[in-house]
Amino acid sequence: MKTDLNRKYSRFFLPSDFDPKNKDSLINNYKRILEYPIESLEDLHIFLKFWSELGSVVDETGSLAYVEMTCDTKNESAEKAYLHMVEEIYPVCQEYEDKLKEKFLNSEFLSSLDEKYYGLFIKQTRTDKEIFRKENIELYSKDSVLSQNYQKITGAWMIDFDGKKQTAQQMQVYQENTDRSIREAAYRARVEVHLNDADKLDDLFDEMLTVRTQIAKNAGFSNYRDYVFKEKNRFDYSPEDCLNFHEAIAEELVPLLTEWSKKKCEKLKIDSLRPWDLYVDPDSKGLIKAFENENEFTEKAQKIFDEVHPSVGQYFRFMRENKLLDLNSREGKAPGGYMTELSEKRVPFIFMNAVGTKRDVDTLLHEGGHSFHAFEARDQVLKSYRSSPLEFAEVASMSMELLGRKYFHYFYSKDDLNRVLNEQLIKIVEFFPFMSMIDSFQHWVYTTETPDRKARGEKWKELNKKFQPFLDMTGLERIEETRWQYPHVFTVPFYYIEYGIAQIGALQIWKNSLNDEKKAVDSYLHALSLGGSRPIPELFQEANIEFSMNRQMLSGLVDLIQKNIQS
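If you read the sequence shown in the working numbering, its first letter stands for residue 112, the second for the next number, and so on.
I should point out that these hints are in silico values taken from the structure, not numbers from a laboratory.
Keep in mind that a hint or two might mislead.
Quick list of in silico lysine-lysine cross-link-like pairs, DSS-like style, CA-CA up to 27 Å [stated by the list, open to error]:
#, residue 1, residue 2
1, K517, K411
2, K185, K275
3, K444, K253
4, K570, K343
5, K374, K214
6, K191, K234
7, K572, K538
8, K328, K341
9, K434, K411
10, K343, K456
11, K134, K185
12, K240, K210
13, K263, K311
14, K234, K212
15, K572, K630
16, K210, K234
17, K212, K134
18, K525, K396
19, K380, K396
20, K275, K311
21, K400, K374
Could you put the whole structure together from the sequences, leaning on the hints where they help?
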């Protein structure tokens, strides 16, 4: 561990009482940085330090507002505070950040900066400057408000089932019940709540589509997809690479999954695989309860992290001691899970919806990986380098899921262990086609002239036939038409291919760990410590893995998975 976890990062530029929620004060401090004279290379370094400090303080305030809002979507004051950031503060930041980028790029000392360290930041800043349009500021804000509406709608979903009101996450446990009638009833009860809001979500997405398309047009792009590739600084792969990756997945993995599904149907003695059959154990062993309460959950997770690496264990212990976790599912809590960084303190926070299942264990390992990335990279000089491109950020999280599997005995009995280990690997294979569906859908929806709600439903059904031909949706056509209404599509558009790219990287790290665990983990942590200071291929290389979306790599890793699935 290279960082002092108790270190306090003092402000050097901003007054201690500066509150970024105060719009006038925020503008005044942006102006102070803009007016700072850059008369030497040292001045340029100081300018960058000031810029990073202001960005960190603003980001932490926004992160805390987001945490409060997602932890309780019914809390009107939390919603108001978050919307204040989105509608009043972030637009100011976007306008003045563009001015700071211009000042930086126009500095006569720019070429004197260390190219190896600052070169990528300069390239990213030039790209940001190139696509920025002042008229898009209001549209960014509107898009964020619409995204918050999605959180509010889905966070309110409660299902009356089994004599009690339950969240969508709590309903998931029934999908492992060995009684098929219970699984089906639970599935139908859960999706009915979604269907009741499906039209509302379609209306919401129509608005988002209009806003996002206009953002792209304002920036000079013919469609939102091409704008996003530029906006996300995707320098190392293209839309065509993504589409080719989807095809490789369809051809390499779908036949294998179809074969597995047939075997599952035979074991379950059913004619076809229905959506309520996806999560049940084919040997009818029933639900595995991974833990009973949050204390047991974190205690057992702590043991895994301690085993993976001492630094990782210390990071998680620090998070527990400093209340940087909100793990349990409850009414009013937004769905899903995430890690966000409190940028001024340079510590992470984990949000999730645990209900006691093995999926929760995977989620905590995943978000833990993100958190450890934040700790490892916290001492990077530039704020923008304290996080990495998502394609590698997800390597941090997905690798931790696989590195932790060696120590699953802390959660599971000897009788359950092989089943859990097998299911984890099977779910990875199953994930790739679903990832392709989400990403393919977004490529289509943002490059099509009239992707109305009927066309969206038909497109999803088409993708379902291609990537999940083994799934029988007979009589569930309306449900099938709405399955694209996934959180990422609404709240973080085009954030999904990264999971596929990162899974390729994570599987390579796991492969390395099977040969030399210490070396693999050390290389992994070293790469995390680089944050975003290197291009994606170099970050992969520093982790002793290859950045790849090609069929040969995919095929080889699937072979590795099959060899490690025990009968």
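How the hints compare with the structure:
1. K517 with K411: Holds, at about 13 Å.
2. K185 with K275: Between K185 and K275 the Cα gap is close to 20 Å, so the pair holds against 27 Å.
3. K444 with K253: This hinted pair holds, its Cα atoms lying about 23 Å apart.
4. K570 with K343: 25 Å, holds
5. K374 with K214: Judged against 27 Å, a Cα distance of about 63 Å means the pair is violated.
6. K191 with K234: Not satisfied, since the Cα-Cα distance of roughly 36 Å exceeds 27 Å.
7. K572 with K538: 21 Å, holds
8. K328 with K341: 13 Å, holds
9. K434 with K411: Since the Cα atoms of K434 and K411 sit roughly 17 Å apart, the hinted pair holds (cutoff 27 Å).
10. K343 with K456: 25 Å, holds
11. K134 with K185: 26 Å, holds
12. K240 with K210: Holds, at roughly 9 Å.
13. K263 with K311: Roughly 12 Å separates the two Cα atoms, so the pair holds.
14. K234 with K212: 11 Å, holds
15. K572 with K630: Outside the cut-off at roughly 45 Å; violated.
16. K210 with K234: Holds, at about 16 Å.
17. K212 with K134: 20 Å, holds
18. K525 with K396: Holds - the C-alpha atoms of K396 and K525 are around 14 Å apart, at most 27 Å.
19. K380 with K396: Holds - the C-alpha atoms of K396 and K380 are around 15 Å apart, at most 27 Å.
20. K275 with K311: The given pair, whose Cα atoms are some 26 Å apart, holds under the 27 Å limit.
21. K400 with K374: Given pair K400, K374 holds - Cα atoms ~25 Å apart, limit 27 Å.
Hints 5, 6 and 15 from the list above are not met by this structure, while the remaining hints are.
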